[in-house]
Amino acid sequence: MVSLSFTSSLQLGAQAIRTRRDESGWSTFYPPWIFVKASELKKMGLSSSLVPMASALLLLCCFTAWNAAAAAASGGGGDGLRLNYYSESCPRAEEIVKEQVRRLYEEHGNTAVSWLRALFHDCTVKSCDASLLLETDAATGLVSEQASPRSFGMRNFKYVGAIKSALERECPGTVSCADVLALAARDGAAMLGGPAAIPMRTGRRDATESRYGEVERYVPNHNDTVSAVLSRFAAMGLDAEAVVALLGAHSVGRVHCNNLVARLYPAVDGGMEPAYGAYLRGRCPTADAREDTRDVAYARNDRATPMVLDNMYHKNLLKGRGLLLVDQRLASDPRTAPFVKKMAADNGYFRETFAAALVRMSENGPLTGGQGEVRKDCRFVNAK
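Heads up, the sequence shown is in the UniProt record's numbering, so the first residue is 1 and it goes up one at a time.
Think of the hints as simulated: they come from the structure by calculation, not from any bench.
Just to be clear, a hint being listed does not mean it is correct.
[To be verified] Here are the computed lysine-lysine pairs in the DSS-like style, where the Cα-Cα straight-line distance is at most 27 Å:
#: 1; residue 1: 376; residue 2: 126
#: 2; residue 1: 376; residue 2: 158
#: 3; residue 1: 342; residue 2: 315
#: 4; residue 1: 319; residue 2: 342
#: 5; residue 1: 384; residue 2: 126
#: 6; residue 1: 126; residue 2: 158
#: 7; residue 1: 158; residue 2: 98
#: 8; residue 1: 98; residue 2: 376
#: 9; residue 1: 319; residue 2: 341
#: 10; residue 1: 341; residue 2: 315
#: 11; residue 1: 158; residue 2: 384
Using the sequences provided together with the hints, build the complete structure.
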């Protein structure tokens, strides 16, 4: 019996898939009603009696392609993470995190920025496992990742405890600190006017050890080359487009002057807009100021919308207003410059790319299943 080839059917099925954006900016896949006309079979020299079989095969192939595409869009994989992981064990888990993130944002607006930076630092060092949250413990010899120079200026860790406590009251020993960080970053981005309703998978478990000795190896430095940054992110499965989007988080928050003075003294970096350099010199002390003064002083990344997660970061790069050297280099490197320009011109594109990159980063090497533990207190490993 002659029939449509599997390859031909799959190609037709893939072509039949359509996508559209919903209100949150995410792709939703809509396979249309698919059928094969008798006239089309005739052109191929096939009997019209094959219409039912050909249509069924085409529909099957289309749905196979559709399912694969949908899984890819949602970050599907076999790593033990899934959407609504706590739907049975703690149904209100994600709602509780969102409530706490909103409450903390209303009381301390900068906490929303802290969640984004905390997730980045945690996930970059090998695994999204809340190892960042472990505090130094002299009794066990554990040294916190927070003590690393690369963690300088990080704050608001104490508020993770507030979120975790609310979860423990509802579902003791159920929701991991690693998932708290991931969900808080997602909700923090929304509080800052960034993408909303990001489909964040959960099911991470917590590390039982600090990776203090590996922080400087994995976390990018403020004066790294673009090649070094791309290499670090590539290890997490993130390409140049994703890197340009994620560094767009620098649109919110601030940078301490100890990371800036090298670009300002003895002369302003030639790649910096002169007026912007003058502004930064006013914000940051002179090169002969005391070190502790430089540590305390800071400058905002984005003066126009300092607490809005938008594409102003990319617009500023095109004007020579990048705060960190690594930021400004993105605008001139041929591997990243096209994405800087595209995001500067299209905030919707930035938001969509940022959301997808945030999800991918949040799924870097998670501990799942029987690995690690679910800490009762995010600051300490559970007592044996």
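Here is what the structure says about each hint:
no. : hint         : verdict
1   : 376 with 126 : 22 Å, holds
2   : 376 with 158 : 14 Å, holds
3   : 342 with 315 : 10 Å, holds
4   : 319 with 342 : 14 Å, holds
5   : 384 with 126 : 25 Å, holds
6   : 126 with 158 : 23 Å, holds
7   : 158 with 98  : 17 Å, holds
8   : 98 with 376  : 19 Å, holds
9   : 319 with 341 : 11 Å, holds
10  : 341 with 315 : 8 Å, holds
11  : 158 with 384 : 24 Å, holds
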